[in-house]
Structures are given as C-alpha cells and as structure tokens.
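Protein chains in written order, with my numbering: chain A, 4 to 285; chain B, 4 to 285; chain C, 4 to 285; chain D, 4 to 285.
It cannot be assumed that every hint is accurate.
If several chains are the same, the list does not tell them apart, and a pair holds so long as it fits within one copy or across any two.
In silico DSS-like pairs for lysine-lysine, Cα to Cα no more than 25 Å straight-line [as the list claims (entries may be wrong)]:
{"id": "1", "residue 1": "LYS67", "residue 2": "LYS98"}
{"id": "2", "residue 1": "LYS91", "residue 2": "LYS253"}
{"id": "3", "residue 1": "LYS253", "residue 2": "LYS149"}
{"id": "4", "residue 1": "LYS253", "residue 2": "LYS204"}
{"id": "5", "residue 1": "LYS204", "residue 2": "LYS67"}
{"id": "6", "residue 1": "LYS267", "residue 2": "LYS98"}
{"id": "7", "residue 1": "LYS67", "residue 2": "LYS149"}
{"id": "8", "residue 1": "LYS98", "residue 2": "LYS253"}
{"id": "9", "residue 1": "LYS91", "residue 2": "LYS267"}
{"id": "10", "residue 1": "LYS267", "residue 2": "LYS253"}
Hints listed in this document are in silico derivations from the structure and should not be mistaken for laboratory results.
There are 4 protein chains.
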Amino acid sequence: MIHATLLVSCQDRTGLVAALSDFVFRNGGNIIDLDQHSEADSATFFMRLVFDLQGFRLDREGIKAAVGVLAQSHQLTTHLSFSDHRPKVAVFCSKMPHCLYDLLLCHSLGELQGEIVALVSNHEYLRGVAEHFRLPFHHVPMGPDKAATEATQDRLLADLGVEMVVLARYMQILSPAFVERWAGRIINIHHSFLPAFVGAKPYHQARERGVKLIGATAHYVTSELDQGPIIEQDVTRVSHRDDVESLVRKGRELERVVLTRAVKLHLERRVLINGSRTVVFG
Amino acid sequence: MIHATLLVSCQDRTGLVAALSDFVFRNGGNIIDLDQHSEADSATFFMRLVFDLQGFRLDREGIKAAVGVLAQSHQLTTHLSFSDHRPKVAVFCSKMPHCLYDLLLCHSLGELQGEIVALVSNHEYLRGVAEHFRLPFHHVPMGPDKAATEATQDRLLADLGVEMVVLARYMQILSPAFVERWAGRIINIHHSFLPAFVGAKPYHQARERGVKLIGATAHYVTSELDQGPIIEQDVTRVSHRDDVESLVRKGRELERVVLTRAVKLHLERRVLINGSRTVVFG
Amino acid sequence: MIHATLLVSCQDRTGLVAALSDFVFRNGGNIIDLDQHSEADSATFFMRLVFDLQGFRLDREGIKAAVGVLAQSHQLTTHLSFSDHRPKVAVFCSKMPHCLYDLLLCHSLGELQGEIVALVSNHEYLRGVAEHFRLPFHHVPMGPDKAATEATQDRLLADLGVEMVVLARYMQILSPAFVERWAGRIINIHHSFLPAFVGAKPYHQARERGVKLIGATAHYVTSELDQGPIIEQDVTRVSHRDDVESLVRKGRELERVVLTRAVKLHLERRVLINGSRTVVFG
Amino acid sequence: MIHATLLVSCQDRTGLVAALSDFVFRNGGNIIDLDQHSEADSATFFMRLVFDLQGFRLDREGIKAAVGVLAQSHQLTTHLSFSDHRPKVAVFCSKMPHCLYDLLLCHSLGELQGEIVALVSNHEYLRGVAEHFRLPFHHVPMGPDKAATEATQDRLLADLGVEMVVLARYMQILSPAFVERWAGRIINIHHSFLPAFVGAKPYHQARERGVKLIGATAHYVTSELDQGPIIEQDVTRVSHRDDVESLVRKGRELERVVLTRAVKLHLERRVLINGSRTVVFG
C-alpha cells in the first residue's frame, strides 16, 4: 500500500486543516495519519498528513500540481513524498565504527525508510564494514585544500543522487558552504547532552564537571558548531566510578541509539525545522 | 480564551477528518489542536479536536446539536467539553498521604483542568490534609454492609455533582456495580509495573523476584482487579541494596508522579478508551 | 539498633581498608555496609563505613578518640556520625511550594535521616505550609542591607543548632561569606540539567534551544553560581508541544523529586565532596 | 597492571571484611575496589574485592591456596580470577542478528573482559556475521534427537574451553540437563520486562495489554522458563501508535543494549547469584 506524506508549515490561520483534509477527501483518499501543531507564540502552523494513494483520483503529477496550487493560495511551505520513493542516503564516517554498525544493521533489517548508497570516509579504516554490508565505500582523504576535498564529496553525492547525509562520528568540520548546500538534510551526532559540553572532548568535560547523567544529541548541522536544531536526545546514568574511558563506553551505547532514531525520524518525514528548533511528530 | 474539545471514536472510513474539520471551519472556528489515530488492525478511528470558541457562529447548544447530527450521520461516539467547565473530582484515600498531597498540590498550583470538591476516606487519618488545602473531607467508614457504604458514597458523589473519582491509594476493593457506574471515570494507582505483580504486596513480590526496576501504573478501574486500561506507567531503578522498605520509599515517589500525570491527562480530555487499552494524545 | 557511619577521604595508599575494618573488628563491631572508591587519576581514596554499635567495646567518646588517632596516623579526613543523632535541617524557601511540600511530606513519613527544625523565608507566603506540618516558620524579609539580613539568618541557624541548609527554590543569591560558612552543608535545586542553562530562566532557555529533555540538578552551593558539586540529576522528555508554561509544570515534578533525593543522600552520609565533584555511595 | 578479583558469599558474621582486607594488606597488596553487601533478612554476606598483583608476596598458586584456607576457616563460597585471564565465551544465535552484532561490536572494541571464541547456531543464516568479525561459526542443526544435538554442542564447548554461554535470541529451549551443567554461566535475553509477559510473543502480549513502556530482561538461564535470576533490565516508552511490528523494532534497540550490559557485568565478575536473585556490584 503506497501512501503520500505531505509536510506543511505556514503562518497559522483558520481553515488550514479543513482545506488540506478536504483536498484528500474530495479526491477519494483516506487519511492514515494526521498530526498537527500550532505554535502559539510565533503563530506558526505545522502539519504532517499521510494519505493512502489507493483509489486516489489524481496521479502523482496531479497531486504535485494540486499541492502546488494549495501552497500558493494558502502561502504554505510544503514537502511532498511518496512511500515507494526511498531517499538515497550517504553516511560519512572516520574511524569509529559503532554508529555506523547500528545504522547499517537497522538498514539491513528494513527499519530505515531510505536507501544507504554510500559510505564516505577520510580513512580506509571502515572499508571492511561497508563490504560486509555490501555497500560501496568511498575513501575521500583530507587533502591540504578543504574546498577541493568537499568538491570531490559533492560530485560523488550528486552522481549518486544522494538526498540525505548522516555524520556517523565523522571527525571533520564541514565548511559553511557545504553545510548550507545540505541544510535540513544533514544530521550529526554529538556526544553530549547539548547545549552542555559543546565542542571537543565532551566526555572529558562531563567527567570534570561531575555530572550524574551523560547524554547524546542528534541534530541538523548548521554552520555554527553544535548549534543546529535538535532532533533527538537521550541520557544514561553515570557515577563517580566512571572515568573518562568508562564514560566513552557508556556514551557509545547512547550515540548509536540516538543517531539511528533521528535518521529514522527524518526518513519517515516526521521532522519539520522551526528556526533553531524542530517539530517532531512521533 | 475558551475552547471546545471534541473526542471522537468510530469505525474508520474516509472523510472523517475532512467532515469534522470542515464543520469547525464552516462555522468560523480555528483548530488549536488536532490529534488523530487510526488503528489498523481493528479499523478504529480516534480523534481529539480542540477549537477556539471566539467568533464561532454557533453557541454551545448549537454546537452540541451539530455534533449530535454529525455523530448520527457518521455513527460516531463523541464526547464534547468546554474549557470553562471544570469537572468536579472526588479523591478517595485511606491512610497513605503521598498521592493525595501530590494531587492537592498540583490542584492548588492550577495544574489540573478540574475541581477537587471532596476527599472521601474510610479513615479520619487524612482529615488534616483536606483542611490544610481547604477541601471538604468526608469520612465514610467501612461498615459490615459494603453495599450500604457504597450507597452512601454514591449519594455523596451525586449530591456534589462529581464527574470523576481518583483512588489515591484507597485500600478498599470497590464492588463491580460501583465500578460499572463509574466506568471510564475512575482512576486507580497500582504500585507495580502492570501486568507484573498484580494484586497484594507488589513490592514484596518485586523484592522476591529480584527485578532491577520497579514501576507504578495508573489505570481505569474495571471489575477485574488491576486489569483496567492503562493510562500511564513509569519505572525507577533499584538494586540488591533495596529491601522491601526501601522499595516502598522509592515506589512512593513513582506512585504520586504517575497518578497525578494520569489525572491531568484525563481531565485534559487526552485519553480515549479502546477496549482494554487507551489512546493517549500527548 | 544504633550504628556509626564513618566517612573517610585521603591520599590513596595500601592498607587503608584493612586498617579501618580491623579497627571495627578488634573492638567487636560488625560492618553493616562498606563502600569504597579509589579515584585513579588523583590517587584519592574515599570510603563509607557503617558499623553496629551493639557490643562495641568503645563508647562514643572512645570511638571519636580512636578515629582521631587513626586520622592522624594515616592522614585521613574523617566524618563520624551516629544514627541516633538526627541533624537539624533548615529549609529556605520563597513563594514556590512544590519542593517544600515534597521535603516536608518525606520528613513526616520518616524518610529523612534528619530533623527539619525551621522554615526560613523572605516572604510570608508559605507560612501555612509550615503550620500544617507543625514546623516553625521564620519570616526574614530581605532588607536593603543583605549582610544584616544574613546575620539575622545566621543567628537563627546558630540558635537552633542547624547543621544543614536546603534551598527549596529560595529566590535569593546568598553572599560568598554565607556560602563559605555553610560549605558542604547547603544544597540547592537548579531547574535545569547543569551545566546546560546556568543562571536565570532555564526553562525559557530550554524552550529557545529546543531540547528534547529537560532536567533538574541538586548541588552543593558554592560562591560561583550553579557551579557547585552535583549530587543528583534527572531528566524528563519534552516535545515541541511544550511551551514555557508546560516546561515549568513538567520541571516542577522533576525539581521536587531531585532535591528530596539529594537531601536524603546527604543526611544518610552517602555523599563525599571531591573538589568540584561528588562521590555518592548509593 | 594485573589484578585479582575475589568474589565471596557466606553466612554473615563479624570480621569478614577485616579478615579479607587484612589478607591483602599483609601480603603487600593494594585494594583497588571493594564492594560489599549484607542482606539483612537472610543474613548473607556478599563481597567483591579487587586487588593489585604488583608487589604481592604470593604468586597465583599461593593466592589460590591462601583463599582456599580462608574459605575453609570462614566457610566462604569464593570465586577467584585474574585480570589477564579472559574467559572464553560462546554465543548461541539463530536468525536474528541484532544482539549478535552488538556483542561482536563491543568485543571488537575491547569492551568485553572475555574472548568470544565461537558462534553456535541452529541455522547457517548468520555465518557471514561471524566471518566478518573473523570468528569461528559452528552450525549445529536441530536434529530429531535433542539430546544428541546438545551432546554435540557440549563437546564443542568443551573442546574450545568455553566458560560462558550467551543466548543472543537463540530460538531453542535448552534441556534442563544442559542448563544445569551451565548453571550461573549462561545468560539469556528475554524481550519483555520480566516477570511481565513470560513465554512466547511478549510484544504481542504487550500490545494486547496496552502497556505504556516495553522492556527487556537479561537473566541467567534456569530450567524454569524465564524464571532465572535477573541481571539487568531496561524499558522504553511506547504509545497507542506502536503496533506489534513497531514494538518489535523498539524492542530490538533495548534487547541488544540490555544483553550486552549483562554480559559485560558477568565478565567483569560483578554479579553474584543469591538464590533466585542477583547481587550486581555496579
């Protein structure tokens, strides 16, 4: 059963739900899932509408056109996708394998609504993991010229038709230009409960501060380090017995779980960006 | 700003969201919150629709009538409420004060969308708590004739116009007839993570079994002990160091938090009963 | 059954456990609980030793003297207490009652290993809570001269023999001198997951940043705002649906639970301060 | 730095800590970690003592002999191990790879204090996973004669010198005789929060009951199904939106985390069995 997912955000006003649900109904569709949020202080409206394509009177091109008309007449920002389209995903990694394994395992179990088509790394280190999961591995070493390296990465992503990038403990800072090109489509895992412990060595910082919980945060990447909209966070309990090495181990468990959850949410089109925040329809 | 909340459940079919949101729109209302769930296996539709009354073309009687017509034409089960109606709540308790204090504190802080109008107890023990919070306390001792005692309770609840009963560690089993009369409007807190440790002395059972987490469960009361639809649960970590007394103390923290959350959810009309389960719109 | 609790911290070296446990054994005592931690990087040793006084060959003065000798010969920092001594506790509060109720409820249930002897407030607002729990309430208004106000507070605490101060959402900054006098004996609740959202209005900050979990932190007060050693933290899940008011409500649930836990841990002598961190023997 | 870990359980009496810590001290050792628990109701004493072998006056044979003497004179049940001995582990699996990957990933990252030497499966399905991690894979198909199959497994484990067996979603019931031979050395993951949902299809049961949290439980295997001593449990939040398939996915995340934690705890010799429960020194 194929369905369409329509994400909408706009200035809040009356009649939006009626107009959009009526569009589905008039064309003979069935709403499978509808989630809506009106943010009072900014008067912004967010909606996720999933409807069945079976028996729908419009074909895909017709739906696109109709959504375009609706968008124009109601001044909506929309994103339309169909469930048999599985977005192509590239995973960037360096040497740490734990997040990569978790993503690839979930991918192989059919848990991701997308297709991982490439692993991209600045090291050869994790090639074997790619081969094991029968995925192409692209070694793009860091040269002295970062712009050239990123141009290589960009060409690769373009050639493959990649629509989403996941940074699975990728240990390089991307340029603002690269980040800008992938705005809203690139997710990173930071190994702390942001905004605590921004930047390098968060587990050392956590140990130093003596916190009783450590966390991990998956967020969209923006040009400001560790400041992007947060998609998912989780924490785990630690104690005085945990030295930095032990925090790193406990943190690995969190990092992989949190990153994979965020990637799933994004691919299921459950996340809308609201400035520096997100709306996540669970 | 007064709003209306409409709960709907029915056999799933196309056009339900459109019909209901259109009803709001046609009458000049604004949808503040809409949450919807279609349960695939039972083909059941659930919706919670909140809309603004300001500028609405129908008055309350008109809304009731119109909802009645919609209900009949679409075969809906509906529940309509207005935000300036604060349902009257009775809290039943015995000797343990912790859940009672939490409810009354949240009540006094304005966190409950209802009015606690009576404390009912089979003991005098907690009268002082009622007095402190300036609430009427009704001592209804357990006599030899349970039916007579419950008749007294029923008259009291009827006289006060009570619409919801909360069992805050009330240590009496209610008769099936009483439970039946309050079906869907009476919430209990059980001091275990149901369905584990049904019945008496769950902390003793937990200690015996050596679990590493203990829980608490708030549920609607049905005539089968501890089998009613679950509204909210939570757990906390325990260890071999926790003897029964320590489990009881840790459990108290959970019980009060979980019961108060469930009462809030019910009063905000976020809970729909789905057979032996619930739909909770968060 | 009365027992003694000995807290020890010192430079780590061999024979410490043997020397201390042998001291108990030689005098006919039984070790009820022993927890020990050696921090590798700073080579510091921490221990909590609880032993039964029944049949012990030394009386309390004898124990104190013997511990003094041990401390000198092994260069230990020690803290000795007896379970029938219940430290006197003062709770500082302002207008928000939730943490206060939780502490006083647990106190009345016998869950605290100490005696709350006074509520101190810069407002009259919570006097009724004190009276309900039959505890003295001291209104110490903030005058133009903070030093004078604190001198009044200090005299009060001294007159009452207070050994521990709890800040239950007390909305005044204490002077460094006051904090210094109560170092290691004054606990505050901060309504965020420190070190995130230091300072004022943490729920506003949390809303602004779009975090998916909010937290609360109980810590010893030091002269640097929100920088003291952390005793306990916890978090709860939030979403885009939670506006600031909703975060405040969810946060209240956390704050009272976390502060009460920390006070219990302190009074059970389970907490040792290790510079800017704590060792908490659970 | 090599250290020795001594686990002790016995009837509680005075002088046990002193005798054991004195033994370490007299022989020039340094206690790195000591954790102790006295269970009041059963008067049982449990201890985990870790000491440094550097400069210790006895060699390993000497330590073993001395521990034997101590055990006899104080009637202790003891377990002695040295940190450079890495117990050999066999992982039993069937077709589900998620727990297996997590264990092998942590193994390859050096997080386990043991050596996985074999994967044993009743299917060929996961051979590729073994090969990827360069571990031997043994296909032992289920024949009509269970005793014969288990004899084959036993010979294999004996030949390899296996000391611990992990059931990573192994979908066969082991005979009481097999379980008996591996008592206290065989860990299973059950996909529910035991004792809720014992037996088959726990996610179906969870869905049916409408719980708001699902769990996973790692426990030692005993001849009674799902009744063995619990080592570790955890839960995750679910809602009415989660159908059985969704519960299965969320559960997979829990299962792998909980099983790996339990295996780590066992291999670090942090777990002592106490009848139908465990003592876990964190």
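Structure-based check of all given hints:
no. : hint               : in the structure
1   : LYS67 with LYS98   : neither (42 Å within a copy, 42 Å between copies)
2   : LYS91 with LYS253  : between (31 Å within a copy, 23 Å between copies)
3   : LYS253 with LYS149 : neither (33 Å within a copy, 39 Å between copies)
4   : LYS253 with LYS204 : within (15 Å within a copy, 30 Å between copies)
5   : LYS204 with LYS67  : neither (46 Å within a copy, 42 Å between copies)
6   : LYS267 with LYS98  : both (23 Å within a copy, 23 Å between copies)
7   : LYS67 with LYS149  : neither (39 Å within a copy, 60 Å between copies)
8   : LYS98 with LYS253  : within (18 Å within a copy, 27 Å between copies)
9   : LYS91 with LYS267  : within (13 Å within a copy, 36 Å between copies)
10  : LYS267 with LYS253 : both (22 Å within a copy, 12 Å between copies)
Hint compliance for this structure: hints 1, 3, 5, 7 are not met, and every other hint is.
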